[in-house]
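A.B. asks: Taken in sequence, the protein lines are chains A and B. At position 91 of the first sequence (counting the first as 1) the number is 152 in the working numbering, and the numbers step up by one without a gap. At position 103 of the second sequence (counting the first as 1) the number is 178 in the working numbering, and the numbers step up by one without a gap.
Rather than coming from a laboratory, the hints here were simulated on the basis of the structure. Note that the Cβ used here is the ideal one computed from N, Cα and C, for glycine as well. Hints are not guaranteed to be accurate.
Think about it this way: if two alpha-carbon atoms lie no more than 27 Å apart in a straight line, the pair counts; the simulated DSS-like pairs of lysine-lysine are [claimed, not checked]:
hint : chain 1 : residue 1 : chain 2 : residue 2
1    : A       : K219      : B       : K330
2    : B       : K302      : A       : K398
3    : A       : K243      : B       : K302
4    : B       : K273      : A       : K262
5    : A       : K367      : A       : K297
6    : A       : K302      : B       : K146
7    : B       : K146      : A       : K260
8    : B       : K146      : A       : K252
9    : B       : K273      : A       : K398
10   : A       : K103      : A       : K202
11   : A       : K302      : A       : K252
12   : A       : K260      : B       : K330
13   : A       : K405      : B       : K302
14   : A       : K182      : A       : K321
15   : A       : K127      : B       : K302
16   : B       : K93       : A       : K262
17   : B       : K330      : A       : K297
18   : A       : K243      : B       : K330
19   : A       : K127      : A       : K252
20   : B       : K330      : A       : K253
Where chain B lies over chain A, by a calculated footprint (3+ residues, C-beta under 8 Å) [said to hold, decoys possible]:
hint : region
21   : 100-108
22   : 122-129
23   : 256-262
24   : 296-304
Chain by chain, the residues:
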Amino acid sequence: MKCMTATMALTAALLASTGLARAEGELNIYNWGNYTSPEMIKKFEDEYKVKVTITDYDSNDTALAKVRQGGSGFDMVVPSQNYIPIWISEGLFLETNPSQMENFKNVAKEWVDPEFDRGRKYTVPWAMGTVGTVVNTDVYKGDINTWAIIFDTPDELKGKVNVVPEMNDVMDAAVLYNGGTKCTGDLTILKKVRDTLIKAKPDWVAMEYGTVEKMGSGDFSASSDWNGSAFRQRLKNPAIKYGYPKEGFVGWSDNLAVLKDAKNVENAKLFQNFMMDPENAGMNSGFHRYANGIAGSDEFMPADMKGAPEIDIPAEFAGNAVPSMTCPPEVQELYTKIWTELQK
Amino acid sequence: MTQPAGPIDAEQSRDIRKRWLLSLPALLIILVAASGPLLIVLLYSFLTPGPYGDVAWRFSLEGWIGVVLEKDIFDDTLSLADAHVSIFLRSAGLSLMTTVLTLLVGFPTAYFIATRPERSRELWLFLITIPFWTNLLIRTFAILEIIRNEGLINTLLIDLGLIGRPMQMLFTDGAILVGMVYVYLPLMVLPLYASMEKLDFRLVEAGYDLYATPFRVLRRIIIPLVKPGIVAGSILVFIPALGAYVTPSILGGGKNLMLGNLIELQFGQGRNWPLGSALSITLMLIVMVALLFYVRNAGSQGARHG
Numbered sequence: 062m063k064c065m066t067a068t069m070a071l072t073a074a075l076l077a078s079t080g081l082a083r084a085e086g087e088l089n090i091y092n093w094g095n096y097t098s099p100e101m102i103k104k105f106e107d108e109y110k111v112k113v114t115i116t117d118y119d120s121n122d123t124a125l126a127k128v129r130q131g132g133s134g135f136d137m138v139v140p141s142q143n144y145i146p147i148w149i150s151e152g153l154f155l156e157t158n159p160s161q162m163e164n165f166k167n168v169a170k171e172w173v174d175p176e177f178d179r180g181r182k183y184t185v186p187w188a189m190g191t192v193g194t195v196v197n198t199d200v201y202k203g204d205i206n207t208w209a210i211i212f213d214t215p216d217e218l219k220g221k222v223n224v225v226p227e228m229n230d231v232m233d234a235a236v237l238y239n240g241g242t243k244c245t246g247d248l249t250i251l252k253k254v255r256d257t258l259i260k261a262k263p264d265w266v267a268m269e270y271g272t273v274e275k276m277g278s279g280d281f282s283a284s285s286d287w288n289g290s291a292f293r294q295r296l297k298n299p300a301i302k303y304g305y306p307k308e309g310f311v312g313w314s315d316n317l318a319v320l321k322d323a324k325n326v327e328n329a330k331l332f333q334n335f336m337m338d339p340e341n342a343g344m345n346s347g348f349h350r351y352a353n354g355i356a357g358s359d360e361f362m363p364a365d366m367k368g369a370p371e372i373d374i375p376a377e378f379a380g381n382a383v384p385s386m387t388c389p390p391e392v393q394e395l396y397t398k399i400w401t402e403l404q405k
Numbered sequence: 076m077t078q079p080a081g082p083i084d085a086e087q088s089r090d091i092r093k094r095w096l097l098s099l100p101a102l103l104i105i106l107v108a109a110s111g112p113l114l115i116v117l118l119y120s121f122l123t124p125g126p127y128g129d130v131a132w133r134f135s136l137e138g139w140i141g142v143v144l145e146k147d148i149f150d151d152t153l154s155l156a157d158a159h160v161s162i163f164l165r166s167a168g169l170s171l172m173t174t175v176l177t178l179l180v181g182f183p184t185a186y187f188i189a190t191r192p193e194r195s196r197e198l199w200l201f202l203i204t205i206p207f208w209t210n211l212l213i214r215t216f217a218i219l220e221i222i223r224n225e226g227l228i229n230t231l232l233i234d235l236g237l238i239g240r241p242m243q244m245l246f247t248d249g250a251i252l253v254g255m256v257y258v259y260l261p262l263m264v265l266p267l268y269a270s271m272e273k274l275d276f277r278l279v280e281a282g283y284d285l286y287a288t289p290f291r292v293l294r295r296i297i298i299p300l301v302k303p304g305i306v307a308g309s310i311l312v313f314i315p316a317l318g319a320y321v322t323p324s325i326l327g328g329g330k331n332l333m334l335g336n337l338i339e340l341q342f343g344q345g346r347n348w349p350l351g352s353a354l355s356i357t358l359m360l361i362v363m364v365a366l367l368f369y370v371r372n373a374g375s376q377g378a379r380h381g
């Protein structure tokens, strides 16, 4: 009996303590891996007494598939701009009207009214960057500003090239490499795209996301990659350089939105507003190493990011940038088929 | 005649009814939790893929056709899905090799443990189970650290001057094989030990007394007697190896797909849930056929040996 009362007391104590922890609120963020500054999250937790949980995903498709099923338990998600119209049309976002929020005044001019979310009804800028190549220049000395690194791999790099398996990025690169325009439905171009990809694949060593670690450790000598990732690799090994392919490269942005079935809506809105504060956005950039679309955040970024060739596109390459956008469904279907064929 | 039988029958049937009632919760759980999801998978395999994953509720055989045939993207001609066939063959081949290698390593290990004094056997068995304490993912990453280009083996060989440049071990079929042998070895050792423990070593001695060579004793006495353990171990290794997902995706680099990865792809970037469902069911059918083959083969062999 004594034992039982002790157990009950213990249970009660446990319940009370968890109850206390919950009373202050929670926030569940579903985001790309290695993309959220722990320091910034700590700041948000301390400021608003909210317990933040972050869960990783590795591709836009994974995130979309999981959340579409409902009951995911997440409050916020950070999809890329070319997927945002899908999320909106599928009714997955909650209309939080960030443009009415206090900190919206800090959003940089070019991101105030983007095509993918007119009037910023749903999303807040998280990060923006480009898709290019990374090459360990100790291994390969030639021109790195070309998709030929991936699709016509030079001998020095054969069997050492990785491709980040984000379908739309790879398809866009292959289309641009074959002289097509983004989202082209031209079958002659797409046939060339398929042949290019199938022919190139034997020269690749892997199709993985974990490039920061594996480029740094020498498991890969080149890869298709995002610029912020390239920046972090250069910090690990100065010989790793980021290339802006002359055939054209895609500029993208990822944006923070609140899910319609979110349980912690008020905390999520607080976090959207929090992310538009230059100090917080700058702190986050210091971690993921991308630009963030919040004016005045530069002064809160680490000094090494100022004028970094991965962040500020050099003037000679700027003309080759192509904005990321949603392709029409029939084109997307063709892309998916080519991609599946490549994956086999 | 019927009168005395009556109450006994009634008692028996009551007893049987009670047993059924008592096992009903377990049966229900099995039915709902095991068959339910499988039925959904079966249903999905006959539907049309939705635009961004998921399924559209229209009947279609495309998923099943896609398992064996593929339609050319550009001219719509059908041909054998040789990509699927090669992934099936790679999976089956790697799983078979995993089974053989775990058997080769596991057999002497189990024999060693079974021949220890009874008190120390517990300790050896305990040592075999230690890897289970750590998550599969972590054990796989540990192997990655050993075989990667700047990993333990390559660094050691380069420092010793045996090789000039790192050998490419990671992201190969060999890497997947090493990983799977490591992961599945305990599953082979434990059933092997269970049947070796029951082995009557007087028979082994009798064999030697009759001037049999060690190899002959192994082949004619030990192996036939521990055959149930060999069969059970092989089944326990082969089946999960066939559907392995974590090991090939980490050590294979996402390029050398196995069946598990091919199925996962259909539910993610492939956006073709019906094909993924059809592939899953095909995998199950293959496992079932392999199991029947194993069991029947083992059964007839056992019968012959009396």
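A.B. asks: Now tell me, hint by hint, if it's right for this structure.
C.D. replies: Evaluation of the provided hints:
no.: 1; hint: K219/A - K330/B; result: holds, 15 Å
no.: 2; hint: K302/B - K398/A; result: violated, 47 Å
no.: 3; hint: K243/A - K302/B; result: violated, 62 Å
no.: 4; hint: K273/B - K262/A; result: violated, 53 Å
no.: 5; hint: K367/A - K297/A; result: holds, 18 Å
no.: 6; hint: K302/A - K146/B; result: violated, 41 Å
no.: 7; hint: K146/B - K260/A; result: holds, 19 Å
no.: 8; hint: K146/B - K252/A; result: holds, 14 Å
no.: 9; hint: K273/B - K398/A; result: violated, 56 Å
no.: 10; hint: K103/A - K202/A; result: violated, 42 Å
no.: 11; hint: K302/A - K252/A; result: violated, 31 Å
no.: 12; hint: K260/A - K330/B; result: holds, 14 Å
no.: 13; hint: K405/A - K302/B; result: violated, 38 Å
no.: 14; hint: K182/A - K321/A; result: holds, 13 Å
no.: 15; hint: K127/A - K302/B; result: violated, 45 Å
no.: 16; hint: K93/B - K262/A; result: violated, 63 Å
no.: 17; hint: K330/B - K297/A; result: holds, 26 Å
no.: 18; hint: K243/A - K330/B; result: holds, 26 Å
no.: 19; hint: K127/A - K252/A; result: violated, 32 Å
no.: 20; hint: K330/B - K253/A; result: holds, 21 Å
no.: 21; hint: 100-108; result: violated (count 0)
no.: 22; hint: 122-129; result: holds (count 5)
no.: 23; hint: 256-262; result: violated (count 1)
no.: 24; hint: 296-304; result: violated (count 0)
Consistency with the previously given hints fails for numbers 2, 3, 4, 6, 9, 10, 11, 13, 15, 16, 19, 21, 23 and 24, ordered from lowest to highest.
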